[in-house]
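Student: Given the structure of chain A, go ahead and fit chain B onto it with the hints provided.
As they're listed, the protein sequences go chains A and B. Under my numbering, the first sequence is numbered contiguously, ending at residue 381. Under my numbering, the second sequence is numbered contiguously, ending at residue 622.
Honestly, the hints are just simulated from the structure, not real lab data. For glycine and all other residues, C-beta sits at the position ideal for the given N, C-alpha and C. Careful: at least some of the hints might be erroneous.
Per the computed footprint, the stretches of chain B lying under chain A, defined by three or more beta-carbons under 8 angstroms from a beta-carbon of chain A, are [unchecked claim]:
#1 423 to 437
#2 445 to 459
#3 467 to 473
Below are the chains, spelled out letter by letter.
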Amino acid sequence: MLEFLIEHTWLQALIKMALLILAFVMPLASLSTWAERRQSAMMQDRLGPNRAELRLGSIELRLWGILHFVADALKMVFKEDVVPARANRFLFGLAPILAIAPVIITFAIIPFGSDLCVGHAFEVLRDPASMCTSTIPLQVARIDQGFLFYFALASLAVYGTTLAGWASYNKWSLLGGLRASSQMMSYEVTMGLSLMGAFLIYGTLEPHAMVLAQGPTPSSWGIVTQPLAFFIFLTAAIAETKRAPFDLPEGEPEIIGYFVEYSGMRFGIFFLAEFVETIFLAAVVTTVFLGGWQVPWLYPDGFHLMGWTLELPHLAVVLIQLVVWSLKIIVLCWLQLLIRWTLPRFRPDQLMRLGWKQLLPASLINIVVTAGVVLARSGGR
Amino acid sequence: MTSLLPLLSTAQVTPGEVEAPLGPQVAFWVLAALTVVGAMLAVTRRNLIGAVMSLVASFFGLAGLYLLLSAHFLAAIQVLVYAGGIMVLFVFVVMVLNQEEAEPWALRHVFGLALGVAAAVYLAVRLGQLLWAAGPGGGELASRLRIREGAPPQGYGTVAAIGDYFFTEFLFPFEAVSILLVIAVVGAVVLARTTVAKATTVYELPPGEVDLRQPQHDARDEVLGVLGHHAQAANRPGGGH
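Bound conformation, chain A alone (with noise of 0.2 angstroms):
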């Protein structure tokens, strides 16, 4: 079985890519949209939903509301699909997929842990250059082009919003179309640079051999190299989701966005391919600035902190960085949701001053710092 799967890299990559998206992405967003609804009431002074609950006979499960995300999705599954009478039924019908896809396919290049050592299990990898004859990646695509495929793809999710302005013929949704890829565009490029400094710090664009140079001391991890870059980042990145502070592209409370025509599931994916967006995000983050699958002081043998070890088998090593590298993402899911509900919504010209600006020529401040300090540091050759 293990031989088999080890021969056929695509179907290794097919059941890693399920078990990536169906066992952690999807229920991660599921029930962010819980959690959103619940930290937002928190921190508002008021209850949020807490009242779904599953009866089974006497037995009333309550679970403070969590069960809120199936009663939703059962709830869009059923409701009216609408198509408006004169919209463009082919693009208003591609419009959510083109949302929702590109993020999902881009999640093949997340490496979620280190490599898996077929037949050492359960023995203590003291020599793993020699010992691992016969890996298992975990990440779907090792790609030499790593972050390029990932940027490629992103600049791709504009065409999901502004085709869904586009097509529904209304005004109101054809100018939050316009807003929408506006505000994409102009931070699509700071995004971009921003990451520049840490790739020429690692000297490689793939996700996997970037999470290896930061290495298990969180001292040489991305956020401490490259701490504006971090910065830039993350706020380009909140922009690109499109969530608020940025959220002008849908304003929600007021002026309404690109998929004001849209209903049921269809609204749903949008829906949906925001919350994946601020996993992705939180994934990708990890990955360039917080170690990865990396875990403080854990090498392939185990624990080791000034002069103290503690060995532990493969499996072991392994299975501590899949749930760090989980903790890792819940925690700037949470980041992200505290941002949202925290920060009053950017003016256009705000948004623009401050994506062009500001953000844009400190990603290239720090590209050429970066690239100084590179260059000082491998002897000026």
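Tutor: Using the frame of chain A, we list chain B on its own:
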């Protein structure tokens, strides 16, 4: 990643040459069809957004073809720059202009007709030449078309290899092209700014009049401003789901 290069040798399978595996063959034809059909739809669709989206599909096909040729960097850049950058701007402009759906540009005059016929003849001749050369008994062109067997050289198509070329052998063309782009951007900014500069005229007020266009200082405004600020703080947008 295994090499998909032998794929193109399907054009001419002679004994001794490797036949491409089925997967890449199917992928090639699907991607080629996507590229050609997308490009044709882009020039025939009346609906401008439809035309632009067909061109995006065509670019995707092209990126896929680059992948089959192990040019992974080029494929990523094709999607990033053309599909994700330039075509998004096209969609943006088309949406802002909101043109009526008009007839596509038609060949009405003798000149247009002659141009069209010339282009069609040229295309037919080139295609015929290619097909003839790829067939049995092809000459010099066929040997150029024939694809090397086996894996591409180490590091072929990677970011590092492309970067090496850009900063050593092809440094001058690379920099020259980037300066060309800067010239275009600066030119666009200059063109856009000249229209704004003309709009100011000096207007003189009769003595004793108050210019109502200028903001007047009033102590009440400050009070109102402070109140407004408080009101805003109280009604912070909290709406949502």
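Student: Now look at each hint and say whether the structure bears it out.
Tutor: Structure-based check of each hint:
no. : hint       : result
1   : 423 to 437 : holds (count 5)
2   : 445 to 459 : holds (count 4)
3   : 467 to 473 : holds (count 4)
When held up to the earlier numbered hints, the structure conflicts with none and fits them all.
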